[in-house]
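2 protein chains.
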Amino acid sequence: MSITVNINGEILSQENAKISVFDRGFLFGDSIYDVTYSQSNSFVFLDEHLDRLWNSARLIGMEIQLPREVLVQRILDTAKASGLDEVYARIIVTRGESDLNISTDQYQQNVVIYIKPNIKYDPALYTRGLHLSLVSRARNDRRSLDPNAKSGNYLNNILALQEARNSGADDAVMTNTNGEVAEGTTFNIWMVKDGKVLTPHHDSGLLRGVTRAKVIDICGSNDVVLEERTITTQELIDADEVFITSATKGIMPVYKLDSKIYAENSDQRPITEALRKSYIELIQEHINKGTYSY
Amino acid sequence: MSITVNINGEILSQENAKISVFDRGFLFGDSIYDVTYSQSNSFVFLDEHLDRLWNSARLIGMEIQLPREVLVQRILDTAKASGLDEVYARIIVTRGESDLNISTDQYQQNVVIYIKPNIKYDPALYTRGLHLSLVSRARNDRRSLDPNAKSGNYLNNILALQEARNSGADDAVMTNTNGEVAEGTTFNIWMVKDGKVLTPHHDSGLLRGVTRAKVIDICGSNDVVLEERTITTQELIDADEVFITSATKGIMPVYKLDSKIYAENSDQRPITEALRKSYIELIQEHINKGTYSY
Chain A
2 MSITVNINGE ILSQENAKIS VFDRGFLFGD SIYDVTYSQS NSFVFLDEHL DRLWNSARLI
62 GMEIQLPREV LVQRILDTAK ASGLDEVYAR IIVTRGESDL NISTDQYQQN VVIYIKPNIK
122 YDPALYTRGL HLSLVSRARN DRRSLDPNAK SGNYLNNILA LQEARNSGAD DAVMTNTNGE
182 VAEGTTFNIW MVKDGKVLTP HHDSGLLRGV TRAKVIDICG SNDVVLEERT ITTQELIDAD
242 EVFITSATKG IMPVYKLDSK IYAENSDQRP ITEALRKSYI ELIQEHINKG TYSY
Chain B
2 MSITVNINGE ILSQENAKIS VFDRGFLFGD SIYDVTYSQS NSFVFLDEHL DRLWNSARLI
62 GMEIQLPREV LVQRILDTAK ASGLDEVYAR IIVTRGESDL NISTDQYQQN VVIYIKPNIK
122 YDPALYTRGL HLSLVSRARN DRRSLDPNAK SGNYLNNILA LQEARNSGAD DAVMTNTNGE
182 VAEGTTFNIW MVKDGKVLTP HHDSGLLRGV TRAKVIDICG SNDVVLEERT ITTQELIDAD
242 EVFITSATKG IMPVYKLDSK IYAENSDQRP ITEALRKSYI ELIQEHINKG TYSY
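Just so you know, the sequences run in chain order A and B.
Every position in the first sequence, counted from 1, becomes a number in the working numbering once 1 is added.
Every position in the second sequence, counted from 1, becomes a number in the working numbering once 1 is added.
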């Protein structure tokens with residue numbers, strides 16, 4: 002797979018895309034990032050993703066040096082250079098290159114953009130769904146490192162995924178250190194019970210996903226009862242329907258959580274399917290506006 | 002300052018030391034590291050630091066691909082190439098280069114060694130001491146990311162240091178999420194009360210420092226009463242003497258914790274000074290053996 006990279010404004014091939022080993026992203030994971038994608042040569046919810054990038058920076062005490070409009074132009078230019086209609090875009094901003102010490106003086110930040118063909122998930126993941134596992138690895142505590150910052154410190158999630166894969170599942174659901182359901186490794190988690198849609202409150206320690214916010218809006222516009230609140234692992238196990246949200250996956254159903262099976266086809270999860278339909282329509286409307294076309 | 006870098010066996014100047022932006026150390030902080038130093042062209046406690054590097058790898062579910070003896074030879078060769086008698090050495094092993102996803106399949110690991118002149122701390126930090134602050138940023142919880150793994154996920158400590166510096170202190174002491182004293186940003190913490198030496202038990206969530214282990218040994222050999230146990234912040238504030246340990250700093254006294262002043266000269270902290278003297282002797286004996294000379 003060929004990936005086009007933009008480092009500080011310079012477009013490079015995958016092979017030539019290198020960074021100093023003194024970059025603090027490499028040394029300490031001292032960086033923030035966000036991920037979005039395009040359809041029909043137009044980026045999806047780019048404003049929301051960039052708002053969050055700036056918020057992630059704020060949460061790690063960093064002020065992004067690059068003007069937002071310059072970053073947008075670089076993303077569009079790099080997507081165009083890739084020659085692809087449907088791209089996955091990852092944007093990383095590091096605190097820059099420094100000596101080997103951890104103090105956060107002013108450095109010249111590095112901005113790296115990765116553009117590759119958008120991920121095509123196995124269609125079975127939308128018809129049958131995902132197999133998740135409730136892992137023992139707890140999500141980072143908000144008092145230590147707020148999961149609402151998308152940062153270059155991703156070992157917590159990597160170890161959770163490793164644990165889930167070792168148990169035979171596709172991916173992991175993590176609890177916070179109080180044992181309450183928090184989020185997945187790279188997605189938010191949702192459940193349906195007695196016609197109500199539930200998702201963990203942000204106080205449980207999670208990323209306020211862009212797709213999560215859109216699904217909350219969709220529930221509001223369609224008179225679907227939604228509760229953001231603490232969810233216990235037992236409630237999740239006892240749910241009628243379970244699904245996940247992420248920018249790249251959209252709304253993806255969960256058919257199995259450890260040994261518990263919810264449903265193995267779309268007909269058996271009417272609310273998940275209705276939300277999924279509305280979400281796909283919302284994206285299409287957004288794309289039709291073509292705000293960030295290239 | 003000139004730093005000599007070794008990437009996968011190749012010795013490079015600081016300017017030419019670059020790594021792929023697809024390296025997982027850069028993408029996710031998916032790496033482990035250790036730091037040691039040399040005196041009189043001989044490395045100090047290198048075996049202990051390499052034992053810990055292998056243990057850090059184990060804690061993040063990674064098996065180091067490079068044979069230990071090859072790594073040792075690279076460290077010695079790079080130190081020799083630097084032309085320096087007293088070096089600081091940082092060794093990073095990353096999980097390798099991958100696509101942009103977080104799954105931990107088998108990749109070709111990257112090994113980076115940094116050699117620079119050993120840090121010369123301001124002598125006043127040994128005579129007067131450090132000013133520390135008890136910060137609100139909690140140390141990573143062991144259930145999320147064990148502080149006993151020295152990893153490329155260092156934002157937790159970076160944010161603690163930032164908070165301490167903003168309050169006017171030199172560095173930070175962190176508590177765990179239960180509010181018990183854990184460790185500093187890059188060092189272990191110790192206190193003396195009524196002639197007894199106390200340091201947090203590893204269950205409090207900390208790195209089992211190489212220098213920490215040596216000081217525990219020194220206490221044992223000198224009939225100094227030592228307790229590894231839970232320490233409250235109030236106990237730390239009420240201590241008679243406070244000091245820190247790290248490989249590069251050795252034993253360094255703390256004269257002030259937030260607004261509390263312990264002592265501003267060496268005469269007023271007899272136990273810290275006695276341990277410091279013994280530790281310096283221990284290093285000298287070790288260096289005289291010249292096990293890892295270059």
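Hints are supplied without guarantee of correctness; some may be wrong.
Going by beta-carbon spacing under 7 angstroms, a handful of chain A positions derived as facing chain B [to be verified]:
1) A18
2) V73
3) N157
For the record, the hints were derived by calculation from the structure and aren't laboratory data.
Don't be surprised by glycine CBs; every beta carbon is placed ideally from N, CA and C.
We went through each hint and held it up to the structure:
Taking 7 angstroms as the C-beta cut-off, the interface hint given for A18(A) holds, the closest approach to chain B being about 5 angstroms. The restraint placing V73(A) at the interface with chain B is violated, with a minimum CB-CB distance near 20 angstroms, outside the 7 angstroms limit. Restraint check, N157(A) versus chain B: the minimum CB separation of about 5 angstroms is within 7 angstroms; hint holds.
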